[in-house]
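Chains as they are written, first to last, in this note's numbering: chain A, 1 to 475; chain B, 1001 to 1155.
No lab work stands behind these hints, which were simulated from the structure alone.
This one's a predicted model, so the numbers in the text were calculated from it and none came from an experiment.
Among the hints, erroneous ones may be present.
[Said to hold, decoys possible] Not the full set, but computed from the structure, chain A residues with beta-carbon under 8 angstroms of chain B: (1) 162; (2) 311; (3) 384; (4) 387; (5) 389.
[Said to hold, decoys possible] Coverage of chain A stretches by chain B, computed from C-beta distances (three or more under 8 angstroms per stretch; other residues unrestricted): (6) 74 to 88; (7) 132 to 143; (8) 293 to 307; (9) 461 to 470.
Cβ coordinates follow ideal geometry from the N, Cα and C atoms, glycine included.
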Amino acid sequence: MTRLQDIPWAEEIPFNGQLDKSHRRLQFPDRLNLYRVDWLRPLFKSRWPQFILRMLTLAGFVFTILAGLFGPQVGSHNFAIIFVWIAWWTALKLVFIPFGGRSWCSICPIPLAGDWLQQGGIMEPGQRRFGLNLRWPKRLRGSWMQSGAFLLIGLFSAVTLTNPQVTGWVLLAIFGLAVGMSLVFEKRAFCTSLCPIGGFSGMYAQTSPVELRIIEKDICAKHEVKSCYQACPWGLYPLAFRDSSACGLCMECLRACPSDNLALNLRPFSSDLGRQKTTSRLDETFLALVMLGSVVTFAAVFTGPWGWLKSAAFEIGSLPWVRYAFVYLALNLLLMPVIFIGAVWAGERFSVSWNSLKRAIATQAQVLLPLGLMSWIAFTVSFALPKLILILGVLNDPFGWGWSILGLNQSIQKVSISGPSMVLQVLLLMVGLFWSFSVARKLAATSAKKSQGTKLPIMAFSLVFTLLMLWLLVG
Amino acid sequence: MIEQNSSVKRSKRWWQWAILLAIGLVIFIVPIPAKADAPTERFFQIDARRFEYDPAILKVNPGDRVTLELVATDVVHGLAIDGYNLETTADPGKAVRLSFVADRQGTFRFQCTVTCGNMHPFMTGKLLVGENTFLWRAIALTGLVLVAGIWMERK
């Protein structure tokens, strides 16, 4: 959480100094401030459009839980499975994150009840009503717990993704946890520190072409009330934003700023990447590695031809599952980190002078983001696209009670698109690889020693990972 | 003068990108001659049990006459091969046969067509007809991206 008190460089903020380059850049023509576009502004300024969308997603969420718990227990015929793991999961990875960063968070129904309890209202937030309002423990901050939550999903994925009742219970548990945490902790502690999807979206939001930033640093610095910070349900202070990973695009700061000093910018892809990190936090690196390890595992389990692996992942508690869990955890907790740290270490050895290895690891992790995002998209193309047709089936008969709402009498057949999807997967992986090379080059160029050797082992890491994904998806 | 130089540089750069793109297209579409092994009869007995085909990877040569004998060992299972428009279903304990000529080269997924349990949508296997040239093309493309990455450095 980027609180005023938590900003390590807060003392560097000049209260009446010059605009620095990074903030001046925001006013340049490579950014389009959507909040200044006449016909878009009312959509962001008013809470109604967002509220209506959140109500719709909440209704869908409740319906999904009911369908999961009480609908047909055949995954491919159940609304919850198809809508959560095929429709929503695909939309998140193919649309929301690549083009909108954390835009899903702005309409996510899960924190709605917690917000209402905390603030005593959704349309006019700001007044705290219920809850202990404790601060989230400092040692639990960062994305460590989000990585842990994602690892848990991975461990039980074969059941969660295919068993409607489990999906229903998981959604219910997440909702209960979010509400419970909002009653104990201040702001959106669940979204910021625990939600695995928040971690996933936030990390890859750095590659997206959307950002929320201040316009004039001086205006913020002179503003004593900090109304944007007061209004933010996430507890963030926009002046401190250095990337788009934390902001949930709820737009409350835009609405609260009396000086109209905030911008919702459309920007070039990857704008947050390629800059040297000023901290040595390794939580984001770990999350990025967990995402890479998980996509490899998911691709092997769900799209590979190895039936024994599918059975092992599915039979929770059996000896094969214990072996699967051991390998999955070893891959994510040991193998991937060791190889990556080794690559960064080798890169530092290539360079003339030795930097802090921790900081180098945190910085080089940015290379993993385009690689991971495009790998997830490529995996989704083979995992979900052939099954999109099933959406019609569950819309036609959401509870499996023999309804025919859409008038579809024939059973919905799975269509094969493996031919074109394989070409698409290769292209996506190539884009991811080239993009990661590009970030590595930028990092090498911006490093103090400007040593190009630092990037070679990281490029090799990206190359080997891409070849592995190619083998899994089209081999 | 400086502006002129930078515009010449930019147009040169576009040409170089275009060349790389053209090489990529060639890698993707240029026909690769298949090995001319004499077609033979191939027979596979495939045991289908929940979420698994055994064997799950079948390798044949282009032109081979392939016969698949599907044996479901627990519940009803099906088998449909992408790209070949073939499908069959086997009741438990009963074997069904599917014959075809492997006249299309490449990698084709086959999958279960009868809902057989939670992991049914992921019960898949692979039919490899000849060399997996698509994978080799993809690997060559990866090499090209590497070259592009290194070349980008030279700018």
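Worksheet item: With a cut-off of 8 angstroms, does the beta carbon of residue 162(A) approach a beta carbon of chain B closely enough for the hint to hold?
Response: holds, 4 angstroms
Item to complete: Verify the interface restraint on residue 389(A): the C-beta must sit less than 8 angstroms from at least one C-beta of chain B.
Response: Cβ of residue 389(A) sits 12 angstroms from chain B, so the hint is violated.
Item to complete: Mind taking a look at whether chain B covers the region 293 to 307 of chain A? Criterion is 3 or more residues with CB to CB distance under 8 angstroms.
Response: Satisfied; 7 residues make the cut.
Practice prompt. Apply the coverage criterion to the region 74 to 88 of chain A and chain B: a residue qualifies when its Cβ sits closer than 8 angstroms to a Cβ of the chain, and three qualifying residues are needed.
Written response: Answer holds; 4 residues pass the 8 angstroms Cβ test.
Worksheet item: Given residue 384(A) was flagged as interface, is its beta-carbon under 8 angstroms from a beta-carbon of chain B?
Response: violated, 10 angstroms
Worksheet item: For the hint on residue 387(A), does the least C-beta distance to chain B fall short of 8 angstroms?
Response: Holds. Min distance 6 angstroms.
Item to complete: Verify the coverage statement for the region 461 to 470 of chain A against chain B, using a C-beta to C-beta distance below 8 angstroms and requiring 3 or more qualifying residues.
Response: holds (count 4)
Worksheet entry | Within 8 angstroms of chain B (C-beta), three or more residues of the region 132 to 143 of chain A | violated (count 0)
Discussion item. Hint validation: residue 311(A) versus chain B, beta carbon distance must be below 8 angstroms. Holds or violated?
Written reply: holds, 6 angstroms
Comparing the model with each numbered hint stated earlier shows that hints 3, 5 and 7 do not hold.
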